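*Asks:* Listed in order, the protein sequences are those of chains A, B and C. Following full-length UniProt numbering, the numbering of the first sequence begins with 1 at its first residue and continues without gaps. Following full-length UniProt numbering, the numbering of the second sequence begins with 1 at its first residue and continues without gaps. Following full-length UniProt numbering, the numbering of the third sequence begins with 1 at its first residue and continues without gaps.
Please keep in mind that the hints were generated in silico from the structure rather than gathered at the bench. Hints may be right or wrong, so weigh each one.
Computed list of lysine-lysine pairs in BS3-like fashion (alpha-carbon distance at most 25 Å, straight line) [unchecked claim]:
no.: 1; chain 1: B; residue 1: K96; chain 2: A; residue 2: K120
no.: 2; chain 1: B; residue 1: K96; chain 2: B; residue 2: K166
no.: 3; chain 1: B; residue 1: K166; chain 2: A; residue 2: K120
no.: 4; chain 1: A; residue 1: K224; chain 2: A; residue 2: K163
no.: 5; chain 1: A; residue 1: K163; chain 2: A; residue 2: K253
no.: 6; chain 1: A; residue 1: K196; chain 2: A; residue 2: K120
no.: 7; chain 1: C; residue 1: K97; chain 2: B; residue 2: K207
no.: 8; chain 1: A; residue 1: K373; chain 2: A; residue 2: K386
no.: 9; chain 1: A; residue 1: K253; chain 2: A; residue 2: K224
Predicted, not measured: the structure shown is a model, and the values here were computed from it.
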Amino acid sequence: MRIRRRGLLGTAAAATALGGWPGAGQAQAAPIRIGVLTDMSGPYRDLTGPSSLAGARQAAEEFAAATGMAVEVIAGDHQNKPDVGVNIARQWFDRDGVDMIADLPNSAVALAVAQVAREKNKAVVGSGVGSTAFTGAQCSPNSVQFTYDTYMLAKGTGDALVKQGADSWYFVTADYAFGHALQADTARFVEAAGGKVLGAARYPFPATTDFSSFLLGAQAARPKVIGFANAGADLVNCIKQAREFGLARQGVKFACLLMTVVDTLSLGLPEAQGLLMTESFYWDLNPRTRAFAERVRGRLQGRIVNASCAGNYGGTLHYLKAVQSLGVARARASGLEVVERMKAMPCDDDAFGAGTIRQDGRKLTPGYLFQVKTPAESTGPFDLHKVIATTPADQAARPLAEGGCPFVKI
Amino acid sequence: MADTTTTITAAAIPDPAQESHGVWGFTRAQLAALGLLIAFLAVAPFLLYPVFLMKLLCFALFACAFNLLIGYVGLLSFGHAAYFGMGGYLAGHAAKAWGLTPEISILLGAVTAGLLGAVAGSLAIRRQGIYFAMITLALAQMVYFFCVQAPFTGGEDGIQAIPRGKLFGAIPLDQDMAMYWVVAAIFLGGFLLVHRIIHSPYGQVLKSIRENEPRATSLGYRTDDYKLMAFILSATLAGVAGATKSIVFGIATLTDVHWSMSGEVVLMTLVGGLGTVFGPVVGAAVIVTMQNYLAEMGAWVTVIQGVIFVLCVLAFRRGLVGEIGNALKVKL
Amino acid sequence: MDDLFGIPAPLLFGQLLLGLINGAFYAMLSLGLAVIFGLLNIVNMAHGAQFMMGAFAAWMLLNWLGIGYWAALLLAPIIVGITGIILEKAFISRLYKLDHLYGLLLTFGLALIIEGVFRNEFGSSGLPYRIPAELSGAWDLGFMFMPVYRGWVVIAALILCLATWLIIEKTRLGAYLRAATENAALVQAFGVNVPRMVTLTYGFGVALAAVGGVLAAPIYSVNPQMGSNLIIVVFAVVVIGGMGSILGSILTGFALGIVEGLTKVFWPEASATVIFVIMAIVLLARPAGLFGRA
């Protein structure tokens with residue numbers, strides 16, 4: 001009972017604040033409501049959470065200011081529990097009049113919520129989703145994957161590095177589905193580009209905190225590149241310990257298959273310098289990204305403008321453009337139609353520039369191979385990465401035919 | 001302080017020996033409460049959100065299963081997520097990959113959890129008290145590692161889009177209301193079963209083990225067998241709860257086997273009242289509602305749960321139901 | 001002799017040495033648990049969180065006050081130990097007359113609070129902490145490349161463990177402690193302030209965890225979750241060793257680190273579970289633990 005009352009109160013208060021909602025009966029005047037469903041309390045909090053929310057809010061306000069459309073952004077914490085995420089999604093759709101759910105870090109939550117959205121004919125713009133299943137075997141016509149997927153990471157790093165001459169690889173892999181997929185994808189690109197995979201050390205996940213044994217195994221194989229098929233704290237531990245054992249001093253390159261600018265900050269430049277990784281956004285890429293970063297910075301309370309912030313900005317903005325083109329009433333009635341319109345319209349925003357969304361829901365965007373700057377190169381606390389290679393948008397996404405998405409027609 | 005034989009005290013105060021036991025071992029007050037509970041189950045889906053209610057009932061059953069051990073045998077298992085989660089995975093896999101009907105899937109989940117409980121239980125009951133807690137926690141962590149790696153669990157993505165299917169191959173459960181009545185029946189069945197077990201002669205022996213194990217042994221009871229049986233029953237019921245949950249939500253994921261889930265079921269039971277009949281149900285309702293409510297508050301979920309733990313242990317050891325029962329001078 | 005059991009000798013020795021380092025952390029943490037358990041009869045579920053607090057305290061000292069590693073090695077455990085003393089005074093001391101399981105539940109709640117607060121304050125992704133300049137670099141041992149810092153961790157852990165053992169087994173204070181474990185009322189009657197001793201013991205056990213945290217900060221990611229997975233393994237170590245003996249928990253910690261290291265050579269996939277499997281075997285063969293009293 002409490003939940004229901006709270007939901008209604010929240011809605012009413014928000015509507016009053018916007019000053020534009022005369023009554024519940026007039027659906028066409030109700031604002032478009034976007035729910036950012038993210039991790040506010042768990043391991044993905046630094047990567048997404050407040051940063052994602054800031055991006056979505058920025059897009060909503062910019063768009064509302066430019067067009068006069070009433071847009072509201074609310075936030076929810078899925079606590080990395082799929083059932084909590086599903087519950088929030090259902091409540092948002094059924095009671096709180098939410099039209100689109102954004103972000104969704106944690107693939108289990110993302111896939112489950114996408115099911116609900118499909119069932120309720122609402123839209124999902126998964127800017128925080130990295131799993132290729134989201135636009136592959138478990139795709140939904142109501143979903144868009146905006147920022148990245150693991151295919152892009154593998155391709156951007158594996159392919160580009162071999163082309164630069166780093167052609168013998170050894171992997172340190174988290175021994176579960178995610179790690180295996182990252183390793184297998186990357187290995188494929190390494191071999192396709194003419195490189196060689198010397199071997200892999202699979203460490204038990206999530207039980208390992210000391211990686212030295214596995215790193216020594218990697219070192220013994222004498223590769224040119226060690227690829228880390230893991231993420232988060234595991235990755236940070238691996239890098240710290242690899243430095244400790246002097247692996248980098250012997251000229252080995254470290255390719256991090258899922259690393260973000262937040263991890264660079266966590267490691268600190270002295271430890272992170274020289275690391276290689278792929279992302280689709282960095283705030284200092286070009287004048288437009290810098291302009292975006294400048295605008296959104298005030299909302300981030302000292303956090304760096306990262307890909308989650310940018311992805312939710314770009315995704316939300318494009319969603320709103322599609323809503324406007326379709327008409328608010330029609331958009332509210334069918335999430336499917338909005339997503340179809342999103343796919344039909346070209347994207348363009350300051351964070352990612354021009355782009356398109358494919359029929360399986362994957363936004364096509366270039367993958368940038370970054371190298372972490374040395375402390376000497378860096379001129380400020382957020383001056384961290386430099387681009388050393390770019391995978392064009394049409395090559396950075398998995399070919400449609402390989403995805404296995406049931407509704408895709410080739 | 002070296003004395004280590006005290007046990008977790010049941011929350012309710014009145015001495016059971018002085019009470020008349022009516023139908024199925026329920027006292028009059030308990031019968032009234034049971035009536036209220038059944039009335040709530042019948043009316044609730046028309047007032048509240050059925051999916052939310054189903055989640056609540058799954059956790060309530062899970063907490064009842066857990067309470068069977070802590071409340072009546074005095075064994076604190078800190079690894080019950082293993083049985084809950086494993087039941088969920090097996091049921092999900094059976095329904096999705098093998099296309100089995102929901103009741104068979106749930107049954108399979110329950111049997112798996114029971115077998116797992118038999119293995120873990122036979123190790124854990126070799127020690128008492130805090131060692132028992134640590135052993136169950138460590139074994140559950142092993143199960144978690146297994147689930148992370150095993151291919152059929154789908155790693156981080158979990159098992160998704162599990163079909164609800166047709167009950168007995170005939171009644172479709174896609175509608176939330178249809179599913180709700182099934183879940184309500186499973187919950188009520190499990191709830192009554194736990195109560196029946198406790199009030200059977202077997203249950204009386206369990207309680208005597210809780211109160212004074214050496215004496216029970218000297219009376220000729222093979223206490224280890226009793227404890228193991230209780231552990232298996234508890235694990236099986238936890239498996240039923242987990243299996244039902246995965247059928248309801250159509251997902252089975254790592255969350256349900258993680259140690260923090262073991263912590264949550266402890267919290268639910270503690271909030272409601274250890275060793276009370278209705279405590280786990282009330283506790284589960286409080287915690288599940290709170291999680292929903294906190295979803296809008298953001299970052300403080302774990303802190304608030306921790307604070308509730310501390311408050312319960314320091315000030316409300318009887319739990320909500322225990323306190324109410326104490327105030328009304330009845331055993332609930 | 002280049003090969004032992006089909007594994008190149010350098011690799012084998014290397015892994016043995018690395019296992020010893022992991023064992024050092026196990027030993028320090030299980031020692032702290034054993035000391036606390038010995039006198040307070042509670043399992044300190046917050047031990048992992050307090051290990052994490054040690055690492056964070058070192059980070060805060062460095063970044064907020066400019067205090068470096070060596071001073072932090074002393075200050076951080078004192079600070080964390082004092083927070084432990086406050087917790088004991090405010091909460092844990094209220095539970096001594098109750099079942100020990102309540103102590104476990106209480107400290108579990110405290111662990112949740114501590115972790116949650118740190119996550120809100122410092123985020124979840126971790127903070128950088130550098131190896132001190134004096135300990136960076138590595139020795140070439142011939143068969144492997146041994147970072148100086150790792151060697152330091154083993155030595156520091158050994159010194160700490162032995163010192164603790166000596167204090168408890170060989171000093172008057174330790175004698176009081178052991179006596180209080182057996183019969184608190186009697187020791188109290190001899191004029192020893194047992195409640196204060198209990199409080200200080202908890203503070204000391206917590207400080208031991210914090211030292212572990214400071215030692216871990218330069219090599220592990222300093223993040224709020226860093227203690228929670230480790231502590232479950234340490235519980236298994238404690239079950240294997242039995243909490244009755246100080247020396248037992250030290251030996252078990254180091255030994256299991258080595259066993260785990262060897263498993264990484266012969267069967268890496270099993271290295272996560274080997275300690276749990278050993279726990280199961282020990283429970284079957286010797287339920288009280290290797291050094292425990294039944």
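*Asks:* Give a verdict on every hint.
*Replies:* Now for the hints, and whether the structure bears them out:
Under the criterion of a C-alpha separation no larger than 25 Å, the hint pairing K96 (chain B) with K120 (chain A) is consistent with the structure, at around 22 Å. In summary, the hint linking K96 (chain B) to K166 (chain B) is supported, as the alpha carbons are separated by about 13 Å, within the 25 Å threshold. Distance check on the hinted pair: K166 (chain B) and K120 (chain A) sit about 21 Å apart at the alpha-carbon level, within 25 Å; holds. Under the criterion of a C-alpha separation no larger than 25 Å, the hint pairing K224 (chain A) with K163 (chain A) is consistent with the structure, at around 13 Å.
Between K163 (chain A) and K253 (chain A) the alpha-carbon distance is near 14 Å, which keeps this suggested pair within the 25 Å criterion. This hinted pair does not check out: K196 (chain A) and K120 (chain A) have alpha carbons roughly 48 Å apart, beyond 25 Å. For the proposed pair K97 (chain C) and K207 (chain B), the alpha carbon gap of about 22 Å is at most 25 Å, so the pair holds. Restraint check: the Cα-Cα separation between K373 (chain A) and K386 (chain A) comes to about 7 Å, which is no more than 25 Å; the hinted pair holds.
Of the pairs offered as hints, the one joining K253 (chain A) and K224 (chain A) holds, with about 6 Å between alpha carbons and a cut-off of 25 Å not exceeded.
Taken one by one, the earlier hints fail for this structure only at number 6.
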